[in-house]
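Peer 1: Listed below, chain by chain, are the residues.
Number of protein chains: 2
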Amino acid sequence: MELRPSFLREQRVDRILLGHGSGGRLMHELIKSQFSPAFGIEGSGDSAMVNVPSLRLAYTTDSYVVTPLFFPGGNIGELAINGTVNDLAVSGADPLYLSVGFVIEEGFLLSDLKKIITSMSSSAAKAGVKVVAGDTKVVNKGKADGIFINTSGIGVLQDGRDISAARIGNGDKVIISGEVGSHGVAVMSERNGLTFDPPVTSDTRPLNSLVEAMYRVSPKIHFMRDPTRGGLATTLKEAALESRLCIRINESSLPIPQGVRGACSLLGLDPLYVANEGILIAIVDAMVADDMVNSMKRHEHGRDAAIIGEIYDTPQGGVLLETAIGGTRIIDMLQGEQLPRIC
Amino acid sequence: MELRPSFLREQRVDRILLGHGSGGRLMHELIKSQFSPAFGIEGSGDSAMVNVPSLRLAYTTDSYVVTPLFFPGGNIGELAINGTVNDLAVSGADPLYLSVGFVIEEGFLLSDLKKIITSMSSSAAKAGVKVVAGDTKVVNKGKADGIFINTSGIGVLQDGRDISAARIGNGDKVIISGEVGSHGVAVMSERNGLTFDPPVTSDTRPLNSLVEAMYRVSPKIHFMRDPTRGGLATTLKEAALESRLCIRINESSLPIPQGVRGACSLLGLDPLYVANEGILIAIVDAMVADDMVNSMKRHEHGRDAAIIGEIYDTPQGGVLLETAIGGTRIIDMLQGEQLPRIC
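Protein sequences, first through last, are from chains A and B. Note that our numbering has the first sequence beginning at 1, numbered continuously upward. Note that our numbering has the second sequence beginning at 1001, numbered continuously upward.
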């Protein structure tokens, strides 16, 4: 008696059913037909077994609730992989392993799930990380909004890499790796049925190889963060508050694409508070800043890298923007919510 | 000029706002006032830095969508900690670090969030694990169901511990650590406004110290899993399919509490398919089975441990239940969905 074949019988369904989250046969089918092949996951234990080459790890988690799920330049799946890869990368770590947790609304189209999983699989391959653990829950129709994805990630930290606001010092330079505002504008334009010329597409991409290129120039990277929710302004304000120093930014040096400027003015948004998914801020020793920017410019994800500002002692915790017309604007954190569910 | 005080100004809100997920000031407030103190999280980088004592790790993730959020014997927060601790423990690993990702519906009561976080904090302390990374997203009212929680976890694997269906052999004994069906019945009774005498409460609890006690008896533990969604039946079927052996269970040896039997008969449920959150199945070398059960019985979370069955060569992939009246019932995986959103 061989009891296996019936278990593998093909399920002819095109929508997610509550049973896909049951822990039973439908869920096993979904895992075997979709998740395991996409991520190359073998085995079905309660945990993945992984080997790491260092005892010093970086560990992070993020949930993704972006709406709409598909937008110019990407979808929620790519975002969920790249976002967690980037959180590890800007911590100075080399991202190795990810976990993926899906919460799916009953009735969600299996074809959309396949598109999302395919994007996740190819994003993971591009970033050089492996998805090793997963979970799927299904909630009743109307109790979620299509799909929410959580990813967590493990990276290893090489000796001598230390990213911390405490390392920021007077005279350090502030580097940005690329153009500001594309992700938020791409999602908002999709939400509002707008198109821009030139079109604005999300900047979602993995930054780990760019960070490696930066470390090849020098380990004197004191602080790094990717300005996602809350945008560039909030990230700079966090750095200023945590370091108890002052950041002065030169507005005219900020790389803001024409499409983002136009869209922000139309939508009533401030590009400094718009979410990004493929750029980073680095605060580095002034001596290495120029070489680092030059090296970044040669990397496909750092072509628009620029020095945008400098660290001063006072006002403590302040971020000051020197505007193009010679004024000074005080930059604070995002208040309330400019763009809900942008990532 | 010191810009900090306004940032720390107290927020007088009793419900979650969209802005709590913005990445801006409200989110920083929520993290500083609730999450950081509860979990003892310091710093605010994009990743937590952790040290592990071994290069061989177990890594897992799970999302929790249980409804209702509070039920007899526990709530979604305890479940989210214990469930991930247990996934690591039954993989033979010592759980060390967890991440927590919240997706919260706008308007969710801050007082309920505090209760959940307090439970998570005390569950983590009981299990001896540390929550080191977190994320909060807020979605519009009606786009989620109160709160969903994802946890992922890292554990370390001692040498010589190897949990794998491939290690299961003919003649091995099947051990269960405790009573069957309590979690599912507790949640279903809360959902249906029923109370039972004696009351049935969820069995949610951390199993890592029980597993350590088992390993102190012998490393000849071939397979372990916690029978959550899909229940005992589905877990046994997975073990049989993965090992290509047959599991025979003796129905009369199954510890099913009177309250669970009564509730299942009233609610039309089969206790073998009801979710558990605080028991494990272990398949062990027959020579060590009795000693192991005796040791488990002395542990607070293994008092009802019992040998419930044995491994045979055929029928391959089969699970057979020898019933109390002398018949044999073929056990299959859960089909469709018996109890949606039980964990």
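Hints are computed from structural coordinates only; laboratory data are not their basis. All values derive from a computational prediction rather than experimental measurement. Take the hints with a grain of salt, since some may be wrong.
[As the list claims (entries may be wrong)] For lysine-lysine, the following DSS-like pairs were computed, each having C-alpha atoms within a straight-line distance of at most 27 Å:
#1 A:K130 x B:K1130
#2 B:K1141 x B:K1220
#3 A:K173 x A:K141
#4 B:K1141 x A:K141
Peer 1: Compare the distance between the alpha carbons of K1141 (chain B) and K1220 (chain B) with 27 Å, and conclude whether the hinted pair is satisfied.
Peer 2: Not OK: K1141 (chain B) and K1220 (chain B) at ~51 Å, beyond 27 Å, violated.
Peer 1: Within 27 Å, alpha carbon to alpha carbon, are K130 (chain A) and K1130 (chain B)?
Peer 2: 24 Å, holds
Peer 1: Given the hinted pair K173 (chain A) and K141 (chain A), is their Cα-Cα distance within 27 Å?
Peer 2: Distance ~50 Å between K173 (chain A) and K141 (chain A) Cα, so the pair is violated.
Peer 1: Is K1141 (chain B) close enough to K141 (chain A), meaning Cα to Cα at most 27 Å?
Peer 2: 15 Å, holds
Hints 2 and 3, counting from the list given before, are not met by this structure.
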